[in-house]
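J.: Below, each chain spelled out in residue letters.
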Amino acid sequence: LFSPFVHPLTEEGQALMSIKASFNNMADVLHDWDDVHNEDFCSWRGIFCDNSSFTVISLNLSSLLLGGEISPAIGDLRNLQSLDLQGNKLSGQIPDEIGNCADLTHLDLSDNQLYGDIPFSISKLKQLEFLNLKRNQLTGPIPTTLSQIPNLKTLDLAQNKLIGEIPRLLYWNEVLQYLGLRGNMLTGTLSPDICQLTGLWYFDVRGNNLTGTIPDSIGNCTSFEILDISYNQISGEIPYNIGFLQVATLSLQGNRLTGKIPEVIGLMQALAILDLSENELVGPIPPILGNLSFTGKLYLHGNKLTGPIPAELGNMSKLSYLQLNDNQLMGRIPNEIGKLEHLFELNLANNHLVGSIPHNISSCTALNQFNVHGNQLSGSIPLSFRSLESLTYLNLSANNFKGSIPTELGHIINLDTLDLSSNYFSGHVPASVGYLEHLLTLNLSHNQLYGPLPGEFGNLRSIQIIDMSSNNLSGSIPPEFGQLQNLMSLILNNNNLHGKIPDQLSNCFSLTSLNLSYNNFSGVIPAMKNFSRFSAESFLGNPLLCGDWLGSICRPHIAK
Amino acid sequence: TAGDEKRSRGPGSWPPSCRSKCGWCSPCEPVHVPVQPGMIIRLEYYPEAWRCKCGNKLFMP
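Sequence order for the protein chains is R and D.
Each residue of the first sequence is one higher than the one before, counting from 1 in the working numbering.
Each residue of the second sequence is one higher than the one before, counting from 1 in the working numbering.
These aren't lab readings, by the way, just hints derived from the structure by calculation.
Accuracy of the hints is not assured; some may be wrong.
What the hints assert, rightly or not - SDA-like cross-link-like pairs, simulated, lysine to any residue; straight-line CA separation at most 25 Å:
id, chain 1, residue 1, chain 2, residue 2
1, R, Lys-318, D, Val-35
2, D, Lys-21, R, Gln-177
3, R, Lys-500, R, Gly-541
4, R, Lys-124, R, Asp-50
5, R, Lys-89, R, Asp-50
6, R, Lys-318, D, Leu-58
7, R, Lys-153, D, Val-33
8, R, Lys-153, D, Gly-10
9, R, Lys-318, D, Cys-54
10, D, Lys-21, R, Ser-293
11, D, Lys-21, R, Thr-154
12, R, Lys-260, R, Pro-334
13, R, Lys-126, R, Asp-103
14, R, Lys-161, D, Pro-30
15, D, Lys-53, R, Gly-296
16, R, Lys-318, D, Val-33
17, D, Lys-57, R, Gln-177
18, R, Lys-339, D, Phe-59
19, D, Lys-21, R, Ser-223
20, D, Lys-53, R, Asn-291
21, D, Lys-53, R, Ser-293
22, R, Lys-402, R, Gly-451
23, R, Lys-339, D, Pro-30
24, R, Lys-89, D, Glu-48
25, R, Lys-161, D, Gln-36
26, R, Lys-402, R, Ser-356
27, D, Lys-53, R, Gly-451
28, D, Lys-53, R, Asp-103
29, R, Lys-339, D, Lys-57
30, R, Lys-318, D, Ser-17
31, D, Lys-53, R, Ser-320
32, R, Lys-318, D, Tyr-46
33, R, Lys-20, D, Phe-59
34, D, Lys-21, R, Val-175
35, D, Lys-53, R, Thr-222
36, D, Lys-57, R, Gln-269
37, R, Lys-318, D, Glu-29
38, D, Lys-53, R, Lys-89
Here chain D stands alone, though its shape is the one from the complex (with noise of 0.2 Å):
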């Protein structure tokens, strides 16, 4: 999940690293996705979560 890194001490929070979750594929970077699942309506606002991208590919932090 996001903030591996800092966890455990202290308030805060940083975007996931990324580092080696997007198997071979490089470069691989956090980005924001919208979540609607299951939408068929979109709504003028909804969540977003951090996922790690690469290409057009997206894979959990």
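Okay, chain R solo, but in the shape it has when bound (with noise of 0.2 Å):
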């Protein structure tokens, strides 16, 4: 009786090997997916069937490399529950077939390279709760008709490229959980229908071409905890209603939103995350911000807002990510940050702040990156900056800082960038620089430094760009330069350096750009390694400096 050779392949059978066939399977790891030696389906890899029936209930070939197509076959296997491809490099287009797995519930193909329309078909799964078609290349309309399927709580259709407009039926199906229609290309605007959605969490839109305006009818959609409009052109301002939201993370940033941030936003402490950066708001930063005392994530930059930073954001005792940066801002960075002892990222770079860094930022021990670029604050570094340990990013340029740069920046021992470019910084350049062992950027150029280039600068191992150009700096290159393997970018124009651009230099093998013009360097350019490849651009402005150039001093005892 289980002889093959009275015992021909059920339908199922016959159809998982067309199913085989048409996949390019390389590391053939269907290979126990075979009628002559086993035909036993229900032991092969990735299928399970039903104790009862023996027909196949559940299809799971994730992650497999497998390239090829979607067979066809799929289509008979009529007791499919579900049918999980996600994750493999599958072309070609969804079949037709598929809407004949009546009983399929979770649909997964997502992370493929599908391509073609979404088949109208699906609509026919009026069993399925899960379709995932994340991270493919369909294309054409969201199929209107997946309204139809009554029991769908998770719609993904994310990283497609799928146009036209969201079909607005899609809105009234009450048991849909999870919307994810990211980076698409979708078109026309927010329906007031949106609210309808009564079991909606999640709605995520970011990154299409969406228009029009936010809707009044917004604070309905009170089921939400995460509204995610970003990066379309939404246009007009943020309603007052948005404020009946229950949302855990609203974003709405790069849109083309205008007006004033509304006051009301205030009063949703259930934020986590609010991010209204990258559009065109105006007005000040309304001080009842510091209400959110449970958010974590604060984004405000990239508009045109006016007016101080209120000193009520310190009681935004969670918040951790705070960005004002590129807007209009005015006055002085309010003591009360220093209240935020979990604060990572602080970004206040290009607004219009004056006066000096509050002494106790020191106490945003947690802090990670700063960054006050492009103000017009003033005062020296204050010396406590040095219990800022976890510092990784420590940005003050263009600014009016002045005074000496402390030694105790030395000790912030996790610096990857050191910006102090373009202040009044003056004095010797601390040795104890040379010691960030983690720097990978120094620019300390155009500040009125003097003094030597510290030798210990051979020590930053890490280190990719230098930029000390434009200060006053003497002495000459520290022959430990050499060692530094990691360098790409030299740059010490416009100083008085002098004496012997030093052989050791031609060791930094990954010196890309090199900028000596303008100091009074003498001697000869090293020869060897390789060094001919930088042009005289590199050495212009040292009369003194031998090289192969025209109007060198030496060019005739070196002409090749």
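Since each chain sits alone in its own frame, please combine them into the complex, following the hints.
T.: The structure is reproduced here in structure tokens:
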């Protein structure tokens, strides 16, 4: 009875062999799909059968690097409840026959290279609860008929190339909980109907081409936990009714929103993330935002906000990210910022801030990134900075800071970027900076620093960029610079450096950008190890320097 | 969902109270959790929602 000669494979077994044949299965991960040696397909990899009927109810071939296409024979697996082919390299179209798998509840074809339209036949799958087609190359519109799947709870079509409008009928699904449409090319407006989605908690249309305004009815979407409409072309003002939302994440960034930040947002204490950045918002930051004592991330950067930074923001005791950069904020940095003990990133760059950095910034011991580039801040670097031991990024550039660079900066051992350029810093460059072993970028250019380049810089084993141009540095280039194997850019122009360019510099094999112009270097440019890759422009304005260029003092002797 | 207590009147919201949301486990407290269903690559930025946490277990508010 079990002989293969008298027991032809069932229809499902044949379907499975057709499905296998349309995969091109490089690694032969389906070698046990073999009807000659083992016709019990229920034991084949990835297949689960019903215990009594021995029909295929689940097919899971996720993350097996399968190529090829999905065979139309999939439609012959009439009892299939779950199909998971995510994370392969499948191309071709989704076969229409998928609509014949009438018992499907779970369909995951995400992370493949499927193209073509989403077949209308999917709407025949009346039992479907989970549909994930994320990260494919699907084109065409979202089928309106998807709204006819009565039990659909999760619909994720993100990161495809879908066009057209979001079907309005979709919004009338009372069981839908998750709608992911991020990263397509969808157009049209946010329909007032979105609040008919009474069961929805996740609404994500980030990165499409949606236009129009945020509907006033938005406040009725009280089941939403996450509302992400960022990176579209939504215009108009943020409606007052947004204050009725119960969301934990409100992402409106990268749109064309105008008007002021509504005060009512300060009552939305369930907010974990508030992102209004990269819009065209005007007016002040409402001090009432300081009420948001459970908010961890506040992004208001890239607007046209004016007025001061409200001291009340110091009450946002859970805040870890505060980005107010690229606005037109005025006044001083409030001392109350020092109360934010969980603050990880503080970006105030490109505003009109004045005064000094508050000393108690040192209380922000979790601070990792501090950027005040492009303001009119003054005073000196507070010595208390040394307690900011977690700092990896420090940018004070393009302000009016003065005084010396404190030795203590060299104790912030995790720094990868130190940018103090375009200020009025004076005095010697502290040798301690040379012990910042993780430093990648050091920019001290356009200050009034004098004295020698510390030989300790030879310890900066990670450094990629050193820019000390336009200061009054003197002395010669320490030979220790030759130890900097990752150095790509050494910019020392417009100083008073003198002496010979050390031969050791030719050991810096990563060096691609060198500017030693307008100093007082003398002697002959190192000739070894391809140092000739640097053109005359690297050495201009050193009248006593001998090199292979027209007008050099020793040009006749070096002719090749 | 978040804000059960303050619904109905006026605008505004509040984190979930998490009262008796963790079964017998205590203390049960509201926390932010990142939501990236089925994500393979971590996005530079991903949304967060409220869940109730007790020990290392998460519960729906």
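J.: For every hint, state whether the structure bears it out.
T.: Taking the hints in turn, this is what the structure says about them:
1. Distance restraint check for R:Lys-318 and D:Val-35: the Cα-Cα separation of roughly 19 Å lies within the 25 Å cut-off, and the hinted pair is therefore satisfied.
2. A distance of roughly 20 Å separates the Cα atoms of D:Lys-21 and R:Gln-177; the hinted pair therefore holds under the 25 Å criterion.
3. With a CA separation close to 15 Å, the supplied pair R:Lys-500 and R:Gly-541 stays within the 25 Å bound.
4. With a C-alpha separation of about 23 Å, the suggested pairing of R:Lys-124 with R:Asp-50 holds against the 25 Å cut-off.
5. Between R:Lys-89 and R:Asp-50, the direct Cα distance comes to roughly 29 Å. Violation of the 25 Å bound is thereby established for this hinted pair.
6. For the hint pairing R:Lys-318 with D:Leu-58, the CA-to-CA distance comes to about 20 Å; that is within 25 Å, so the pair holds.
7. With a CA separation close to 21 Å, the supplied pair R:Lys-153 and D:Val-33 stays within the 25 Å bound.
8. As the CA atoms of R:Lys-153 and D:Gly-10 are separated by approximately 30 Å, the hinted pair breaks the 25 Å bound.
9. Note on R:Lys-318 and D:Cys-54: the hinted pairing holds, with a Cα-Cα distance of about 19 Å set against a maximum of 25 Å.
10. Our distance criterion of 25 Å between C-alpha atoms is met by D:Lys-21 and R:Ser-293, whose separation comes to about 22 Å.
11. A C-alpha spacing of about 24 Å is found between D:Lys-21 and R:Thr-154, which places the hinted pair at or below 25 Å, so the restraint holds.
12. A threshold of 25 Å between alpha carbons decides the hint, and for R:Lys-260 with R:Pro-334 the separation of about 22 Å falls inside it, so the pair holds.
13. Taking the CA atoms of R:Lys-126 and R:Asp-103, the gap is about 8 Å. The hint holds against a cut of 25 Å.
14. Our distance criterion of 25 Å between C-alpha atoms is broken by R:Lys-161 and D:Pro-30, whose separation comes to about 37 Å.
15. Note on D:Lys-53 and R:Gly-296: the hinted pairing holds, with a Cα-Cα distance of about 17 Å set against a maximum of 25 Å.
16. For the given pair, R:Lys-318 sits about 14 Å from D:Val-33 by alpha-carbon distance, which is consistent with the 25 Å threshold.
17. The suggested pairing of D:Lys-57 with R:Gln-177 holds, with an alpha-carbon distance near 22 Å, which does not exceed 25 Å.
18. About 31 Å separates the Cα atoms of R:Lys-339 and D:Phe-59, which puts this hinted pair outside 25 Å; it is violated.
19. Between D:Lys-21 and R:Ser-223, the direct Cα distance comes to roughly 18 Å. Compliance with the 25 Å bound is thereby established for this hinted pair.
20. Simply put, D:Lys-53 and R:Asn-291 have alpha-carbon atoms about 24 Å apart, close enough for the 25 Å limit, and the pair holds.
21. Distance hint between D:Lys-53 and R:Ser-293 is fulfilled; the C-alpha atoms sit about 19 Å from each other, no more than 25 Å.
22. Taken as a hint, the R:Lys-402 and R:Gly-451 pair is honoured in the structure, with Cα atoms around 17 Å apart against an allowance of 25 Å.
23. The suggested pairing of R:Lys-339 with D:Pro-30 holds, with an alpha-carbon distance near 22 Å, which does not exceed 25 Å.
24. Taken as a hint, the R:Lys-89 and D:Glu-48 pair is broken in the structure, with Cα atoms around 30 Å apart against an allowance of 25 Å.
25. Annotation: proposed proximity of R:Lys-161 to D:Gln-36 holds, straight-line Cα distance about 21 Å (limit 25 Å).
26. Restraint check: the Cα-Cα separation between R:Lys-402 and R:Ser-356 comes to about 11 Å, which is no more than 25 Å; the hinted pair holds.
27. With a CA separation close to 57 Å, the supplied pair D:Lys-53 and R:Gly-451 exceeds the 25 Å bound.
28. Distance hint between D:Lys-53 and R:Asp-103 is unfulfilled; the C-alpha atoms sit about 36 Å from each other, more than 25 Å.
29. Restraint check for R:Lys-339 and D:Lys-57: not satisfied, since their Cα atoms lie roughly 31 Å apart, outside the 25 Å limit.
30. Under the criterion of a C-alpha separation no larger than 25 Å, the hint pairing R:Lys-318 with D:Ser-17 is consistent with the structure, at around 17 Å.
31. At most 25 Å may separate the alpha-carbon atoms for a hinted pair to count; D:Lys-53 and R:Ser-320 meet this at roughly 20 Å.
32. A C-alpha spacing of about 18 Å is found between R:Lys-318 and D:Tyr-46, which places the hinted pair at or below 25 Å, so the restraint holds.
33. A C-alpha spacing of about 41 Å is found between R:Lys-20 and D:Phe-59, which places the hinted pair above 25 Å, so the restraint is violated.
34. Between the alpha carbons of D:Lys-21 and R:Val-175 the distance comes to roughly 22 Å, so the proposed pair stays at or under 25 Å and holds.
35. This hinted pair checks out: D:Lys-53 and R:Thr-222 have alpha carbons roughly 23 Å apart, not beyond 25 Å.
36. A distance of roughly 24 Å separates the Cα atoms of D:Lys-57 and R:Gln-269; the hinted pair therefore holds under the 25 Å criterion.
37. Pair hint R:Lys-318 plus D:Glu-29 holds up; C-alpha atoms about 15 Å apart against a cutoff of 25 Å.
38. Distance hint between D:Lys-53 and R:Lys-89 is unfulfilled; the C-alpha atoms sit about 38 Å from each other, more than 25 Å.
Checked against the numbered hints above, the structure violates hints 5, 8, 14, 18, 24, 27, 28, 29, 33 and 38; every other hint is satisfied.
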